[in-house]
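Student: The lines below spell out each chain.
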Amino acid sequence: MAKMNLLQAINNALDIAMAKHDNVYSFGEDTGAFGGVFRATSGLTEKYGRHRNFNTPLVEQGILGFANGLASQGSYAVAEIQFGDYIFPAFDQIVNESAKFRYRSGNEFNVGGLTIRTPYGGGIAGGHYHSQSPEAYFAHTPGLKIVMPRNPYMAKGLLLSAIFDKNPVLFMEPKRLYRASVGEVPEEEYTLELGKADVVKEGKDITVLAWGAQVEMAEKAAEMAAEDGIDCEVIDLVSILPWDVETVAESVRKTGRLVITQEAPITGGFASEVAATIQDECFLYLESPIARVCGLDTPYPLSHEKEYFTDHLKVYEAIKASMTY
Amino acid sequence: MAKDKQHQLDIVTKPQFIDGSALKIPMLQILAEDGTIRKGAELPEMDKELALKIFDTMQFIRILDERMIAAQRQGRISFYLSSLGEEAASIGSAAALTDGDMIMGQYREQGALAFRGFTVEQFMNQLFSNERDLGKGRQMPVHYGCAELNFMTIASPLATQIPQATGYAYGQKMDKTGNCTICYFGEGAASEGDFHAALNMAAVYKVPAIFFCRNNGYAISTPSQGEQYAGDGIAPRGVAYGMKTIRVDGNDVFAVYQATQLARKLAVEENEPVLIEGMSYRMAGHSTSDDPTGYRTRDEEDAWRAKDPVVRFQKWLQAQGWISEDEAQKNYDEKKAAVLAALKSAETVPVPHIDEIIEDVYDTPPPHLKKQLEALKAHIRKYPEAYPKTASRIDGGDK
Numbered sequence: 001m002a003k004m005n006l007l008q009a010i011n012n013a014l015d016i017a018m019a020k021h022d023n024v025y026s027f028g029e030d031t032g033a034f035g036g037v038f039r040a041t042s043g044l045t046e047k048y049g050r051h052r053n054f055n056t057p058l059v060e061q062g063i064l065g066f067a068n069g070l071a072s073q074g075s076y077a078v079a080e081i082q083f084g085d086y087i088f089p090a091f092d093q094i095v096n097e098s099a100k101f102r103y104r105s106g107n108e109f110n111v112g113g114l115t116i117r118t119p120y121g122g123g124i125a126g127g128h129y130h131s132q133s134p135e136a137y138f139a140h141t142p143g144l145k146i147v148m149p150r151n152p153y154m155a156k157g158l159l160l161s162a163i164f165d166k167n168p169v170l171f172m173e174p175k176r177l178y179r180a181s182v183g184e185v186p187e188e189e190y191t192l193e194l195g196k197a198d199v200v201k202e203g204k205d206i207t208v209l210a211w212g213a214q215v216e217m218a219e220k221a222a223e224m225a226a227e228d229g230i231d232c233e234v235i236d237l238v239s240i241l242p243w244d245v246e247t248v249a250e251s252v253r254k255t256g257r258l259v260i261t262q263e264a265p266i267t268g269g270f271a272s273e274v275a276a277t278i279q280d281e282c283f284l285y286l287e288s289p290i291a292r293v294c295g296l297d298t299p300y301p302l303s304h305e306k307e308y309f310t311d312h313l314k315v316y317e318a319i320k321a322s323m324t325y
Numbered sequence: 001m002a003k004d005k006q007h008q009l010d011i012v013t014k015p016q017f018i019d020g021s022a023l024k025i026p027m028l029q030i031l032a033e034d035g036t037i038r039k040g041a042e043l044p045e046m047d048k049e050l051a052l053k054i055f056d057t058m059q060f061i062r063i064l065d066e067r068m069i070a071a072q073r074q075g076r077i078s079f080y081l082s083s084l085g086e087e088a089a090s091i092g093s094a095a096a097l098t099d100g101d102m103i104m105g106q107y108r109e110q111g112a113l114a115f116r117g118f119t120v121e122q123f124m125n126q127l128f129s130n131e132r133d134l135g136k137g138r139q140m141p142v143h144y145g146c147a148e149l150n151f152m153t154i155a156s157p158l159a160t161q162i163p164q165a166t167g168y169a170y171g172q173k174m175d176k177t178g179n180c181t182i183c184y185f186g187e188g189a190a191s192e193g194d195f196h197a198a199l200n201m202a203a204v205y206k207v208p209a210i211f212f213c214r215n216n217g218y219a220i221s222t223p224s225q226g227e228q229y230a231g232d233g234i235a236p237r238g239v240a241y242g243m244k245t246i247r248v249d250g251n252d253v254f255a256v257y258q259a260t261q262l263a264r265k266l267a268v269e270e271n272e273p274v275l276i277e278g279m280s281y282r283m284a285g286h287s288t289s290d291d292p293t294g295y296r297t298r299d300e301e302d303a304w305r306a307k308d309p310v311v312r313f314q315k316w317l318q319a320q321g322w323i324s325e326d327e328a329q330k331n332y333d334e335k336k337a338a339v340l341a342a343l344k345s346a347e348t349v350p351v352p353h354i355d356e357i358i359e360d361v362y363d364t365p366p367p368h369l370k371k372q373l374e375a376l377k378a379h380i381r382k383y384p385e386a387y388p389k390t391a392s393r394i395d396g397g398d399k
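In the order they appear, the protein sequences are chains Y and F. Position one of the first sequence corresponds to residue 1 (full-length UniProt numbering), numbered consecutively onward. Position one of the second sequence corresponds to residue 1 (full-length UniProt numbering), numbered consecutively onward.
Everything labelled a hint here was simulated from the structure, so no lab data went into it. Treat the hints with care, as some may be off.
Unchecked claim - A few chain F residues that don't get close to chain Y, going by computed Cβ distances all over 12 Å:
1) V12
2) D99
3) F118
4) N331
Stated by the list, open to error - Simulated coverage check for chain Y against chain F, where a stretch passes if three residues somewhere in it have a Cβ under 8 Å from a Cβ of chain F:
5) 54-67
6) 76-90
7) 124-134
8) 308-317
Claimed, not checked - Taking lysine to aspartate or glutamate and the EDC-like style, the derived pairs with C-alpha atoms no more than 16 Å apart in a straight line are:
9) F:K382 - Y:E317
10) F:K370 - Y:D297
11) F:K371 - Y:D297
12) Y:K314 - F:E374
13) Y:K306 - F:E385
14) Y:K306 - F:D355
Idealized CB from N, CA, C, for every residue including glycine.
Take these sequences, add in the hints, and give me the full structure.
Tutor: Put into structure tokens, the structure is as follows:
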């Protein structure tokens, strides 16, 4: 085991994947010898050469088009989009190409070797264009897998799974935690199952569901609630698409209550999808309405970031409201 | 030679590949690096008043950039982005326009904005995201905008403003405003699809637009030559789209000014869009989040320091007798004091009232946003210590 922060864990996963197969390529804006603006790809050019870890010109649609082509040829393409907020020029390549490559060709061709890495999320004074959590746009796209790790251990195991998964995977990294989240991580290769939620803390009174960086807020809120004698079960959804309905439903059948929290705006967010499915699965078990603690339906603001942010206090209030419904 | 009439093409009978380096576009330079006028060059018409206004703006921007980088290091603002080394490109080009012409910038054109008349207080209010910021404190520092000065608000996503400039200029043409739009972007942004769409559409529609590429050698860490592009920079792309194109020394304020002046004439009088590529160098990091020592050498930076656009222009002004070294220093000191005073003042102005959080999402806030605001305010009232910037005047405070 070694102590790693989230960036180091990602770097380590890339390193292992590139050592394992010669046809794993890593590329994006500034990701070459410089190692990316967050340094996630540090040292990879030195180790594997500039033909395997390299800079791209500044064109996101080109990065994803190139990555689709490379993956369709049979290689493993790990493409970085510098910020999740800048993924949209590549939306067409992801939504119409990556996601439909296998289906439209009747499995004559596929881009299973594609992984898209991108930092997402707020809390870093990034304003509209360095704070967004765009997972819901992509969750509406059959053919993609979407994964959002919460800590270094999860990040490494999930990224290794994502790279070698036989489907294109959008891997969204919580940039607020890149350096802040530190933990013990096995140095060797290991994988964590995609599509599987993780029960972070067991409890009997209420289920609190989050993913990515927001799990931290759920945990903090659960600690506050514990002081009021409320025993929360905290679940990290881990994978947005496909998502682990059974683990969440099983928990809600036990607790009878569910609070879902996401950073993104509430309308059309993934929390809404979870709420709809769980009320369907667990209708007769519910003691209170399923609550969503989400961003406002406004662009992500700068000077009002603290107010906008889905912090632990808002989650805590939702837990209390649900308990006293 | 035989002709293909449909496509107006000459016909050849042997395969001929045109080499990728066949078109080498030269660079206009009027003011040499030592501050003298190049032999054979013709000075653009620029009177003393304008020359000093340009120099004045250059000095101001240098001080602003230097002080705000320091302020970011001290934790007083969250982020800053310097234009060090590229002052001649943005200020020299803005000086060749009229106030009615639209400016669409990338994010390194504070010089153009200052030349238009954006005050030091306005700069500071934006940088501190306070309630006097025209953008209402919503965007990161340096994302300026001002309708009164015809300076479109900056967006972080790269190249999105380039096709918008084409559309804006089309409107100007249709309305017969007699104005043009200048659009700035870097050589990195010119890799984006939006750049190609913009130039093609501008050439097809013949709009009064000037596309000004600041080729400053780097897109964050990615060097232009060989990694951003393999060809002769950005300029040949203008030719390929059927557009008048010129390459200038971006550190030579006269070359920039003259080229932009002529481009404006072509744009406004003949509806000819123009591409200008200004060759320069980003002397500072990409932003305060960047450290260039990780990807370039001190020697390389020093070589460009010798081509400094402001020093070069000052030498010429002094040789003309239009300014003395003492006067330049005195102006510098005065401006520095003004920048410091404005900084201190802006820092104490509160952030916008929390009610502003739902404004401008639409022309008027729809019911669901009003409801979300009320819920948020109830929450802030419950935990005022957690939201100190807005809690103190959430009720009855001056909005």
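Student: The structure should be examined with respect to each hint, and the outcome stated for every one.
Tutor: Each hint, compared with the structure:
The non-interface label for F:V12 is consistent with chain Y: the shortest C-beta to C-beta separation is roughly 33 Å, beyond 12 Å. For F:D99, the non-interface assignment is confirmed: its Cβ lies about 29 Å from the closest Cβ of chain Y, beyond the 12 Å cut-off. Every C-beta of chain Y lies more than 12 Å from that of F:F118, the closest at about 19 Å, which supports listing it as non-interface. Residue-level check passed: F:N331 sits 33 Å from the nearest beta carbon of chain Y, beyond 12 Å.
Coverage of the region 54-67 of chain Y by chain F holds [criterion: at least 3 residues with CB-CB distance below 8 Å; count 7]. Note: the region 76-90 of chain Y has 4 residues with beta-carbon separation from chain F under 8 Å; the three-residue rule is met and the coverage holds. With 6 residues bearing a CB less than 8 Å from a CB of chain F, the region 124-134 of chain Y meets the requirement of three and the coverage assertion stands. Only residues whose C-beta sits within less than 8 Å of a C-beta in chain F count toward coverage, and the region 308-317 of chain Y has 5 of them, enough to reach three; the restraint holds.
Our distance criterion of 16 Å between C-alpha atoms is met by F:K382 and Y:E317, whose separation comes to about 10 Å. Between F:K370 and Y:D297 the alpha-carbon distance is near 10 Å, which keeps this suggested pair within the 16 Å criterion. As the CA atoms of F:K371 and Y:D297 are separated by approximately 11 Å, the hinted pair is consistent with the 16 Å bound. Of the supplied pair hints, the one linking Y:K314 and F:E374 holds, its CA atoms being roughly 14 Å apart against a limit of 16 Å.
For the hint linking Y:K306 to F:E385, the alpha-carbon distance of about 12 Å falls within 16 Å, and the restraint holds. Between Y:K306 and F:D355, the direct Cα distance comes to roughly 14 Å. Compliance with the 16 Å bound is thereby established for this hinted pair.
No hint from the list above goes unmet by this structure.
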